[in-house]
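Colleague: Just so you know, the protein sequences line up as chains A and B, in that order.
Just so we're aligned, residue 2 is where the first sequence starts under this note's numbering, counting upward by one.
Just so we're aligned, residue 11 is where the second sequence starts under this note's numbering, counting upward by one.
Take these hints with a grain of salt, some might be off.
As the list claims (entries may be wrong) - Simulated pairs of lysine to any residue, SDA-like, Cα-Cα distance not exceeding 25 Å:
| # | chain 1 | residue 1 | chain 2 | residue 2 |
| --- | --- | --- | --- | --- |
| 1 | A | 371 | B | 72 |
| 2 | A | 131 | B | 72 |
| 3 | A | 283 | A | 260 |
| 4 | A | 131 | A | 371 |
What the hints contain is simulated information worked out from the structure, not anything from laboratory work.
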Amino acid sequence: MSSSFTIHVLHSHPKAYCLHNVISTRRGARVILHDGARIAIIGGGPAGSLFCIFASQLARDMGKALDFTIYERKSFASYGASGCNMCAGVVSESLVQLLALEGINLPPAVVQWGIESYFFHTEGGSVEIKSSRLRQRGIATVFRGGGPAGSLAKGIQSFDDFLLQRAVEHGACVKRTFIDRVCMEGDKPRLYSGGNMLQDCDLLVGAFGIKASTGKMFEDLSAGYKVPPTTKAVQSEIELGSDWVERRFGHSIHIFLLRIPGIKFVSVIPKGDYITVSVLGKYPQSDHITAFLDHSAMKKFLPSGFQIPQKFCHCFPKISVGAAIKPFARRAAFVGDASSTRLYKDGIGSAYITAKAAAHTALLHGIGEKDFREYYFPACKSLNRDNLFGQHLFFVNKLISVVSPISRGYFHIVQSEQKNLQKNTPYSDVLWDMFTGSRFYKDIFFRTLHPWFLLYLLGAVVLYPIKKAFLFFANRWKGVVL
Amino acid sequence: MTEESLLGRLYKDGETIVEEGMQSRTMYVIQGGKVKVVKNDNGNETVLALLGEGDIFGEMSLFDASPRSATIKAIGEARVLAIEHEGLMKRIKMDPTLALRMIKQMCQRIRDLNARLIVTKKAMHQASEGLLQLQRTEGVPRKDLEPKILAMVAQLQENLHTLTEQYVPRDESLP
Numbered sequence: 002m003s004s005s006f007t008i009h010v011l012h013s014h015p016k017a018y019c020l021h022n023v024i025s026t027r028r029g030a031r032v033i034l035h036d037g038a039r040i041a042i043i044g045g046g047p048a049g050s051l052f053c054i055f056a057s058q059l060a061r062d063m064g065k066a067l068d069f070t071i072y073e074r075k076s077f078a079s080y081g082a083s084g085c086n087m088c089a090g091v092v093s094e095s096l097v098q099l100l101a102l103e104g105i106n107l108p109p110a111v112v113q114w115g116i117e118s119y120f121f122h123t124e125g126g127s128v129e130i131k132s133s134r135l136r137q138r139g140i141a142t143v144f145r146g147g148g149p150a151g152s153l154a155k156g157i158q159s160f161d162d163f164l165l166q167r168a169v170e171h172g173a174c175v176k177r178t179f180i181d182r183v184c185m186e187g188d189k190p191r192l193y194s195g196g197n198m199l200q201d202c203d204l205l206v207g208a209f210g211i212k213a214s215t216g217k218m219f220e221d222l223s224a225g226y227k228v229p230p231t232t233k234a235v236q237s238e239i240e241l242g243s244d245w246v247e248r249r250f251g252h253s254i255h256i257f258l259l260r261i262p263g264i265k266f267v268s269v270i271p272k273g274d275y276i277t278v279s280v281l282g283k284y285p286q287s288d289h290i291t292a293f294l295d296h297s298a299m300k301k302f303l304p305s306g307f308q309i310p311q312k313f314c315h316c317f318p319k320i321s322v323g324a325a326i327k328p329f330a331r332r333a334a335f336v337g338d339a340s341s342t343r344l345y346k347d348g349i350g351s352a353y354i355t356a357k358a359a360a361h362t363a364l365l366h367g368i369g370e371k372d373f374r375e376y377y378f379p380a381c382k383s384l385n386r387d388n389l390f391g392q393h394l395f396f397v398n399k400l401i402s403v404v405s406p407i408s409r410g411y412f413h414i415v416q417s418e419q420k421n422l423q424k425n426t427p428y429s430d431v432l433w434d435m436f437t438g439s440r441f442y443k444d445i446f447f448r449t450l451h452p453w454f455l456l457y458l459l460g461a462v463v464l465y466p467i468k469k470a471f472l473f474f475a476n477r478w479k480g481v482v483l
Numbered sequence: 011m012t013e014e015s016l017l018g019r020l021y022k023d024g025e026t027i028v029e030e031g032m033q034s035r036t037m038y039v040i041q042g043g044k045v046k047v048v049k050n051d052n053g054n055e056t057v058l059a060l061l062g063e064g065d066i067f068g069e070m071s072l073f074d075a076s077p078r079s080a081t082i083k084a085i086g087e088a089r090v091l092a093i094e095h096e097g098l099m100k101r102i103k104m105d106p107t108l109a110l111r112m113i114k115q116m117c118q119r120i121r122d123l124n125a126r127l128i129v130t131k132k133a134m135h136q137a138s139e140g141l142l143q144l145q146r147t148e149g150v151p152r153k154d155l156e157p158k159i160l161a162m163v164a165q166l167q168e169n170l171h172t173l174t175e176q177y178v179p180r181d182e183s184l185p
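Start from the sequences, fold in the hints, and give me the full structure.
Modeller: Here you go:
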């Protein structure tokens with residue numbers, strides 16, 4: 002989600018005010034979106050498009066006609082980084098369902114691969130986890146742009162482009178104009194490009210992702226807004242052919258929890274002819290991709306004699322790992338990654354939540370700072386609070402993966418559960434929900450605190466080595482007797 | 011349309027997705043193809059509605075936890091996305107507007123049912139009026155009455171058939 006534009010606070014301009022001045026001088030005034038109000042959305046990624054869709058739907062239900070303009074420089078139909086919003090491209094189980102309920106069904110050209118399970122690979126072995134709730138391909142993998150650089154694949158539709166087209170169907174006008182200045186003129190935000198005034202708007206929606214320079218310019222407006230903290234990931238698209246991808250990766254996302262220096266974990270996401278390799282680490286570099294592809298655990302998934310190409314489509318996307326401070330102002334709201342997002346996953350799901358909350362606040366309550374604080378900000382805070390539970394869960398997960406007896410015990414329980422999915426599968430469900438984003442972290446966290454959950458795990462940790470030792474000695478004894 | 015890129019679950023022609031009387035709270039959204047809503051009455055299958063891409067079904071059990079009120083079968087190949095009950099209820103609690111589309115669809119169904127009810131009542135009223143008229147007629151031999159009663163029953167059947175045709179659009183792919 003990004004759009005390049007700059008904002009200059011023109012202190013010399015007599016009519017230009019920074020946002021916080023407007024806020025302080027007009028705190029008491031109530032502002033609402035009237036019939037015919039103009040809304041400018043900066044960024045045509047999922048957050049911007051979804052804001053437009055939800056706001057226009059609600060406006061229609063309320064009998065209002067609003068004017069939407071989305072400013073997005075990128076053409077999502079382009080191959081490679083120029084058309085891509087650089088993300089792993091997984092639409093979570095819950096988001097697929099939510100979009101379907103909203104009447105947004107993802108067409109086959111958008112969905113590159115339907116996912117039905119997750120494989121977890123550790124140094125000690127692999128286990129496949131399927132949802133115990135629904136037997137279906139409920140997760141979608143997508144390309145955010147037109148496809149990997151150098152790709153000749155036909156019939157790929159970018160996910161972002163698909164949503165942008167839906168926004169256009171809802172009446173949005175998309176402009177490829179580069180916005181290089183935004184300032185407050187009187188009471189309303191005014192947009193400029195190349196020195197030309199483009200428009201005044203009643204509401205400005207910041208859906209520009211986590212582009213540091215753009216975010217910094219909003220911060221400079223002194224409205225109290227501060228961009229979220231980020232970390233870097235490295236990811237690449239490797240072409241293997243759909244037959245190979247089907248045969249070796251199936252309809253599963255593969256998570257590798259290996260002990261490779263500098264890497265937390267690696268996700269391998271099948272997408273038609275390609276796999277997306279997404280590496281999360283402290284200081285990710287392209288060398289990490291090659292180190293991973295050279296690892297014995299990954300090599301068995303690659304064709305024999307596979308050579309890492311000299312040049313392959315790769316990027317270093319930023320991942321938001323925190324929350325923006327004060328993602329709203331009078332006549333302005335920030336949505337998607339520019340606001341709050343879920344830790345390590347489901348960025349598009351967070352875009353859905355924040356965009357919808359902001360759209361409904363603007364239509365049902367108003368566009369004043371107080372309105373956004375009272376009705377929009379709680380949705381952001383709820384995501385932020387949930388991330389605290391997520392941090393704890395990922396810390397424990399890391400701890401488990403490092404302490405071999407516990408990871409073996411957990412692994413053993415999950416393997417047993419997967420053999421009989423008709424019964425309760427609490428340990429598999431925890432992993433499934435954590436990595437698919439199907440449930441909020443808070444839900445998962447409290448499930449793991451259940452006394453039976455902890456006792457059974459403890460039992461497995463203690464009993465598994467005893468059982469293994471017993472079988473070992475029994476086999477030896479058998480050998481001696483025979 | 012590639013098999014790999016499809017979401018949900020594929021049902022073959024005639025395969026049952028939802029069985030009448032079964033206890034389940036899963037809701038469904040049609041991703042591709044068509045399904046029919048049927049009611050079984052002593053082995054006779056009455057088609058109540060045809061649903062297509064984007065339509066929702068199974069939402070009544072989601073809210074009232076009652077057994078399924080009708081059977082849903084695939085017409086040709088149909089791909090259907092299941093919506094898990096527990097997760098959805100939590101989401102609706104957080105964002106009640108999520109239920110708006112379901113409410114709109116249910117409103118439309120109530121309107122259709124009301125219209126069908128009015129037409130049915132009208133047809134039944136005409137039939138009963140006709141029978142009462144015949145009862146009041148004196149001096150007409152029983153054998154002369156029979157053709158009139160048969161004609162009225164035929165007219166009633168015709169009315170009910172028209173009613174079904176009106177609200178369940180004819181589809182060539184119907185078996």
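Colleague: If a hint holds in the structure, say so; if it doesn't, say that too.
Modeller: Outcome of the hint check:
1. A:371 - B:72: violated (36 Å)
2. A:131 - B:72: Satisfied, since the Cα-Cα distance of roughly 23 Å is no more than 25 Å.
3. A:283 - A:260: holds (14 Å)
4. A:131 - A:371: Outside the cut-off at roughly 44 Å; violated.
In summary, the numbered hints that this structure violates are 1 and 4.
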